Amino acid sequence: METKRSLLGRLPIISQLRKSVGLQRGMLVAGIALTLLFLLTAALAPLIAPYGATQRFDETQAPPSSVHLWGTTAGGYDVFSRTIWGAQTAFLVIVVAVALSIFLGVILGLVSGYIGGWLDRVLVVVADAIYAFPTLLLAMVMSIAISQGRSDMWSGIFSAAISITVVFIPQYYRVIRAETIRLKAEPFVESAIVVGASSVRIMARHIYKNATRTLPLIFTLNASEAILTLAGLGFLGFGIEPSAAAEWGYDLNHAQSDATAGIWWTGVFPGVAIVLTVLGLTLLGESMNDLNDPRLRGRKQAKKKKELVDA
Amino acid sequence: MSAHTSSPAGEAAPRPVLDIAALRVSFDTDQGEVRAVKDVSFEVAPGEIVAIVGESGSGKTVTAKTILGLLPETAHSSGAVIVSGNDIITANPRQLRAIRGRDVSMVFQEPSTALNPVRTVGWQIAEGLRAHRPQGKRVGRREARALAIEALGKVGIPEPHKRVDYYPHQFSGGQKQRVVIAAALALNPGLIVADEPTTALDVTVQAEILELLRDLRDRYGTSIVLITHNMGVVADLADRVVVMFEGDVVEEAGAEKLFAEPREAYTQKLLAAVPHLGRNSASAGFTERAFQDKEVLVRATDLEIEYPGRLGSPAFRAVDKVSFTISAGEVFGLVGESGSGKTTIGRAIAGLNRTTGGSLNVLGYEMRDYKERSFRPLRKDIGFVFQDPAASFNPHLSIGECVAEPLYIHTDLSGSAVTNKVAQLLESVQLPAAYAKRFPHELSGGQRQRASLARGLALKPKLLIADEPTSALDVSVQAKVLELFREIQSELGFAALFISHDLAVVDILAEWVGVLYKGRLVEQGIGTQVMSNPQDDYTKRLIASLPVPNPAEQAKRRAVHQALLAAK
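The listed protein sequences derive, respectively, from chains X and R.
When we follow this note's numbering, the leftmost residue of the first sequence carries the number 3, and every step to the right adds one.
When we follow this note's numbering, the leftmost residue of the second sequence carries the number 51, and every step to the right adds one.
Note that these hints are calculated values from the structure, not bench results.
Hints are supplied without guarantee of correctness; some may be wrong.
Stated by the list, open to error - BS3-like mimics (lysine-lysine), calculated; alpha carbons at most 30 Å apart, straight line:
1. K344/R with K421/R
2. K211/X with K21/X
3. K204/R with K590/R
4. K421/R with K211/X
5. K371/R with K568/R
6. K487/R with K186/X
7. K487/R with K530/R
8. K430/R with K471/R
9. K344/R with K319/R
10. K21/X with K88/R
11. K307/R with K319/R
12. K211/X with K487/R
13. K487/R with K471/R
14. K186/X with K430/R
15. K510/R with K530/R
16. K186/X with K471/R
17. K510/R with K186/X
18. K115/R with K21/X
19. K512/R with K530/R
20. K421/R with K186/X
21. K211/X with K471/R
22. K512/R with K421/R
23. K590/R with K606/R
24. K307/R with K88/R
25. K606/R with K510/R
26. K319/R with K115/R
27. K568/R with K186/X
28. K307/R with K344/R
29. K471/R with K530/R
30. K211/X with K430/R
31. K187/R with K204/R
32. K512/R with K371/R
33. K186/X with K512/R
34. K530/R with K88/R
35. K487/R with K21/X
36. K344/R with K510/R
37. K568/R with K212/R
Here the structure is a predicted model, which means the values were calculated and not measured.
So that you can see chain X by itself, here it is in the shape it has in the complex (with noise of 0.2 Å):
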């Protein structure tokens, strides 16, 4: 049980969540509560949801009623279901693109870290030539490259969540990659060179572990600039096609026109899904960077303070 308690406590999140005080206690609930609650959207959207995402209805640009919750748009779509299909359609593109970009990140930067040479120098150029694109228009081309005109949901999932793991991959690599070259000169990794560990086992079992200890951050950062690059790609018309799933970057684009006809409903609501879910991951995010450093860490102070200076 005891250790168990303590397992528990060192999770990620859990354990910021205790350390935490004042506001940034308050940032960090906000961002858990955000993240919570987009997390559940798209878990039960086929319960909350009171229509599917591809439905059409005759009625368009209907303002919002009790038929249709916040009202349908001009192509006859049901906002409120499209916005809750939505977080669905982000959720999933969000896992696929970050656990893809982790995979090879951690890989070719524990290998390129530690292997050196060449290979290293290699990898840095790509991943520099990579940053140097504008991140949209390198999503653009890979989202152009992989769908090739298809649209069903999951080649669109893919085809989006890849073009992201593209831009995301050089993230990874350098931190690793950096954590790697430092953690190489560390004595504990000379202990196992000595003892005659080879380099796999040492990359596997002494490296890996503590270079990616930074990752749940940068992963809860990417994940809110990965629905950014989402709802780029759809409002640009390169994301999902609306026949195959619910997206809001596309549903904004398509509000545009509305928006100077005094149509709101079509755009404020999947607007307000990005912004939440964006904010929601951010100040997760955020919070937790500055809980994780001790110097930017708030720390519990009772009252003593006072009575020393009183005394």
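Dock chain R against the given chain X, drawing on the hints supplied.
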């Protein structure tokens, strides 16, 4: 504020420069409140050198920082720290700024980080002058420069007129510490707090800095609070000693009295643990080199190791034409100051550095043709104990997993056999077998170093390389680890290369001692002979500058050392 100054002791004795009364300091941490200083009171008279000694965690540095009001925000202090009539604890930041530099200043441990690398030393010395406006008026640029030159002259920097415009990197470590002292002296404060002022310096440089501090006291009557863990330094410099343990003052006495007849058990234990050159020598009574009939495990012939220089600059030769042998069962002690190449030699034998010239033969393997793949099978016969026990364990693995690492790699033992073997190993280094489940950060420094020894010995190696294994440890812990090392070595009979900067430590363990200076092996011989009758000039200087923990004996040694320097 001035209420504190009207102490009744005012008439007879001169008013103390520093008066600490019932000082308490606590820190807020994630684990709650930690009391670093529990109840500390002592005084420092004008012109007196008071040493605060204690092991790590005794609260000596926190006490020193309190004297300058340098505690972090998470600290809470109570009691009184009165410097020249001002109470530091209740002073506001403005008052503190006025006191610092004028009444009390500080000399830090690491001179290379205490100086700003992008400013000239003259600027840094003058900074304090400009901040303070002595005599109520601003110090002009020219005047500040003149004062900086004077301060540099005071601390014995040659050609202060020229050197005032130099940058910190143009000075050696010892000179940098002189500059830091010059900056501390610029406003002629009555009190200097020196926090481990010689710990980062080599022994020969340490002797010079100690000489300088003593000279400053004699000439300018500056009081010095010296924070140190080195009993030799205390014996050399201090008039009075305050011994601290876990935040409390254990004993306070004059230096001679403390060393001659320590009253408290803790002080006695502390003093007994300090290695003393010439006592407890491993080679006592030896007349010729032992183990010469045994197999030679390491043979270096004109060994050269170079580190490539940056583009355009020549390579740095860390090891220069060094020849020696280590036979089976023998403990070879390698002594040298920082940069002498001692660690490089140890690492080269373990295959962590490549040789660039000459020959280095380790267990029959010529390191000139080093290939990781072909050397790997030999690694099971070489153990390595690193300097910093905290860093040489993977923080994510338990102690048991770390110790088991060599067993997993080189043997086919089953899981339970490995667990048993680990328990045995831990017991052989006097650690409970249950510690196998703990993580490195849950052990103390000494315990970690024992575990490190257990890992080094897991495969019963023929050769153990120990690179400064005790230099990160407190003296009392060091004494225990050295004792353990000695016991295990005589029991298992492995050969060892013992690397250290501390002559006294090497003498305790090694029968045969080599002295390295700037990459060259200037002298080697039987431990006792090298220590008592050194042949080489550098060895003589090194041995003479090592302070011994005995004030009377140290005063004699100091005279010898000065004669040696004068003769040069």
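Evaluated hints:
Only pairs whose Cα atoms come within 30 Å are accepted, and K344/R paired with K421/R is accepted, the gap being roughly 28 Å. Distance check on the hinted pair: K211/X and K21/X sit about 23 Å apart at the alpha-carbon level, within 30 Å; holds. For the suggested pair K204/R and K590/R, the alpha carbons sit about 28 Å apart, so the restraint of at most 30 Å is met. Proposed proximity of K421/R and K211/X is supported: the alpha carbons are some 28 Å apart, at most 30 Å.
Among the hinted pairs, K371/R with K568/R is consistent with the structure: their alpha-carbon atoms are about 11 Å apart, no more than 30 Å. At roughly 25 Å between alpha-carbon atoms, K487/R and K186/X fall within 30 Å of each other, so this suggested pair holds. The hinted pair formed by K487/R and K530/R meets the criterion: a straight-line CA distance of about 23 Å does not exceed 30 Å. A C-alpha spacing of about 16 Å is found between K430/R and K471/R, which places the hinted pair at or below 30 Å, so the restraint holds.
Using a Cα cut-off of 30 Å, the hinted pair K344/R and K319/R is violated, with the two alpha carbons roughly 39 Å apart. Taken as a hint, the K21/X and K88/R pair is honoured in the structure, with Cα atoms around 27 Å apart against an allowance of 30 Å. Taken as a hint, the K307/R and K319/R pair is honoured in the structure, with Cα atoms around 16 Å apart against an allowance of 30 Å. Using a Cα cut-off of 30 Å, the hinted pair K211/X and K487/R holds, with the two alpha carbons roughly 18 Å apart.
Taken as a hint, the K487/R and K471/R pair is honoured in the structure, with Cα atoms around 14 Å apart against an allowance of 30 Å. Restraint check for K186/X and K430/R: the C-alpha separation of about 21 Å stays at or below 30 Å, so the hint holds. Among the hinted pairs, K510/R with K530/R is consistent with the structure: their alpha-carbon atoms are about 22 Å apart, no more than 30 Å. About 29 Å separates the Cα atoms of K186/X and K471/R, which keeps this hinted pair within 30 Å; it holds.
The suggested pairing of K510/R with K186/X holds, with an alpha-carbon distance near 26 Å, which does not exceed 30 Å. The hinted pair formed by K115/R and K21/X meets the criterion: a straight-line CA distance of about 28 Å does not exceed 30 Å. Distance hint between K512/R and K530/R is fulfilled; the C-alpha atoms sit about 23 Å from each other, no more than 30 Å. A threshold of 30 Å between alpha carbons decides the hint, and for K421/R with K186/X the separation of about 19 Å falls inside it, so the pair holds.
For a cut-off of 30 Å, the pair hint linking K211/X to K471/R stands: about 26 Å separates their Cα positions. Taken as a hint, the K512/R and K421/R pair is honoured in the structure, with Cα atoms around 21 Å apart against an allowance of 30 Å. Between the alpha carbons of K590/R and K606/R the distance comes to roughly 15 Å, so the proposed pair stays at or under 30 Å and holds. Straight-line distance between C-alpha atoms of K307/R and K88/R comes to about 25 Å, which keeps the hinted pair within the 30 Å bound.
About 45 Å separates the Cα atoms of K606/R and K510/R, which puts this hinted pair outside 30 Å; it is violated. For the hint pairing K319/R with K115/R, the CA-to-CA distance comes to about 27 Å; that is within 30 Å, so the pair holds. At most 30 Å may separate the alpha-carbon atoms for a hinted pair to count; K568/R and K186/X meet this at roughly 27 Å. With a C-alpha separation of about 49 Å, the suggested pair K307/R and K344/R falls outside the 30 Å cut-off, and the hint is violated.
For the suggested pair K471/R and K530/R, the alpha carbons sit about 23 Å apart, so the restraint of at most 30 Å is met. Pair hint K211/X plus K430/R holds up; C-alpha atoms about 26 Å apart against a cutoff of 30 Å. For the given pair, K187/R sits about 24 Å from K204/R by alpha-carbon distance, which is consistent with the 30 Å threshold. The hinted pair formed by K512/R and K371/R meets the criterion: a straight-line CA distance of about 25 Å does not exceed 30 Å.
Using a Cα cut-off of 30 Å, the hinted pair K186/X and K512/R holds, with the two alpha carbons roughly 27 Å apart. For the hint linking K530/R to K88/R, the alpha-carbon distance of about 28 Å falls within 30 Å, and the restraint holds. Restraint check: the Cα-Cα separation between K487/R and K21/X comes to about 26 Å, which is no more than 30 Å; the hinted pair holds. Restraint check for K344/R and K510/R: the C-alpha separation of about 18 Å stays at or below 30 Å, so the hint holds.
For the hint pairing K568/R with K212/R, the CA-to-CA distance comes to about 28 Å; that is within 30 Å, so the pair holds.
Violated hints for the displayed structure, listed by number in ascending order: 9, 25, 28.
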